[in-house]
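Colleague: Once you've looked at the hints, dock chain B against the given chain A.
Below, each chain spelled out in residue letters.
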Amino acid sequence: MSNGRFGIHGGQYIPETLMNAVIELEEAYNRCKDDPQFNAELTALFNDYAGRPSRLYYAEKLTEKLGGAKIYLKREDLNHTGAHKINNVLGQALLAKKMGKTRLIAETGAGQHGVATATAAALMGMECVVFMGEEDTKRQALNVYRMKLLGSEVIPVTTGTATLKDAVSEAMREWTSRIADTHYCLGSVMGPHPFPTIVRDFQAVISKEIKQQILEKEGRLPDAVMACVGGGSNAIGSFYHFIEDKSVRLIGCEAAGRGIDTFETAATINTGRLGIFHGMKSYFCQDEYGQIAPVYSISAGLDYPGIGPEHAYLHDIGRAEYVAVTDDEAVNAFEFLAKTEGIIPAIESAHAVAHAIKIAPEMDRDKIIVITISGRGDKDCAAIARYRGENIYE
Amino acid sequence: MSNIAKAFENGKAFIPFITCGDPDLETTGNIVREMVKNGASLIELGIPFSDPTAEGPVIQEANIRALSGGVTTDKIFDFVKELRKDIRTPFVFMTYANVVFSYGTEKFLTKCEEVGIDGIILPDVPFEEKEDFAPACRAHNIDFISMIAPTSEQRIEMIAKEAEGFIYIVSSLGVTGVRSEIKTDIAAITAAVRKHTKTPCAIGFGISTPEQAAKMAALSDGAIVGSAIVKLAAKYGKDAAPHIGEYVGQMTAALK
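Protein sequences appear in the order of chains A and B.
If you're matching positions, the first sequence starts at 43 in my numbering and goes up one per residue.
If you're matching positions, the second sequence starts at 50 in my numbering and goes up one per residue.
Just so you know, the hints here were simulated from the structure itself, not pulled from any lab data.
There may be inaccurate statements among the hints.
[Claimed, not checked] Within a straight-line C-alpha distance of at most 25 Å, the following computed SDA-like cross-link-like pairs (lysine to any residue) qualify:
| hint | chain 1 | residue 1 | chain 2 | residue 2 |
| --- | --- | --- | --- | --- |
| 1 | B | Lys284 | A | Thr203 |
| 2 | A | Lys139 | B | Glu202 |
| 3 | A | Lys140 | B | Gln203 |
| 4 | B | Lys130 | A | Tyr331 |
| 5 | A | Lys400 | A | Tyr99 |
| 6 | B | Lys179 | A | Arg47 |
| 7 | A | Lys140 | B | Leu222 |
| 8 | B | Lys179 | A | Leu316 |
| 9 | B | Lys179 | A | Glu66 |
| 10 | B | Lys124 | A | Gly202 |
Source: prediction; values computed, not measured.
Bound-form chain A, shown alone (with noise of 0.2 Å):
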């Protein structure tokens, strides 16, 4: 079996011309990732410019009205840039910089990574180009705005859905083209090995942190860890430090759009199929011939029809649990965080929130619940109001 393997998943299945420069990823990384100078420049970028660590808050409120579980809140919205993206990007472009590269390229959803992207690109003095779906530059326009004053350009993807899914395509189209200055900055866990890997560890930091705060305000492990899904790089750096710890629940929230039974959906594990595609093996949304659904979510980040291989194993083995959560729970439980504790979450960690809201008070009150807010939902509010029949200017 090839290289970055998760089971059976994940593995590198991209054309020839990118295959030196994976290895050539693969090998920098290895040297880097143990090496004190680079963590400790890491650390210091983290910590100093980025706000790290993230707050683990205590939501009594939120405890106290679903009447159950302890709820506490990882605040990875409160990094720079709002979300949890930045840690990866910080880890990605050092790298890069360690490289000689001179040029990020990148893939952006809901635009949080194009502008994690944007940032680390402006403080390190690189070039930076992001791919970005043009149904998702309506969706976002604010994002795009934010890039292009970061110093960024931002190319809308026009092919297929004009999603995610798309813009990831394109930008592999471009690395293709030009690989001798340029590093695809890929934003999830997911792509062919080392991607997968290399995003895990550095956006494990979540998991590592969430592990130091609970033991120091509970004394114990949490008894669950939620996030939510799509590539799953929240997810995966929320859990990874869990994974041995068999007492912690770990629960993926994949984006359900209109629901798991209807074509409008783009949960991955629960209405998805193994396949290869992006350069990995996992599950993926597609129809009977291996054609790629075209998925939905109203989050568009989370509207991508595949899934981190490694959360595609730890579903083989049951470790971690996936659940689908659709678009009206979402934004149900986007407002009601917005008014109990006046935190107003992504719409994609929202669905997260949704799933808290379901199970908390079925447990027990002196169990201990872990929602990671991967990020702040200042971007999703003229498309909240859209949802709710209400037509405001961003």
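Modeller: This is chain B only, laid out in the frame that chain A set:
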């Protein structure tokens, strides 16, 4: 000897590509017959995929036209079976890993052998991942075609040593599509390949004019043309066959 080797027996090979079902299989059938009539040595038949990550805009759009026309893998198998009643020219499928994997690799290759396919090209399956497909290909006498790119460098030896059918040399960085100039040092790549194998090499990506084809074929055993042909298919739709035939005729003449 595989049927593919025969394509390289009579001088330089000209290898045209067409997306099956663009805009319908009847048109593709007419195009294939015109290609044969005008001297194509081997024909690459594309099975469309929804998200062809190695293709430029021209072939991406052909994939969309074909899929919206309702073509499926099963219909393409039936179509090839029909063509094989009177056409002996070697056929190679060009598609993406998921089309084969999702159909069931074993089932897919059994069908390939049944209908008379000689080889398969999967641009998203590099050397490291070919064990998913190559053993099943061997079991069904289908050549698994390997690709070598301008970035392959020290990988050339391992790829060339295990190559079957022919080696697809990618002329340039990037995706498929017409290029005004090919800057890669192709001669150095073919020289490196020939140190390790007798398997013929054909060059593809970016070739559109008879001059380019002659130049590339002089450096190797043949030239592959996709986007330039698919452009004609897009322009003339159901009436594309004679136009493509004429083009293939010019290209094969340039290789004589």
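Colleague: Does the structure break any of the earlier hints, and which numbers would those be?
Modeller: Hint check: nothing fails, all pass.
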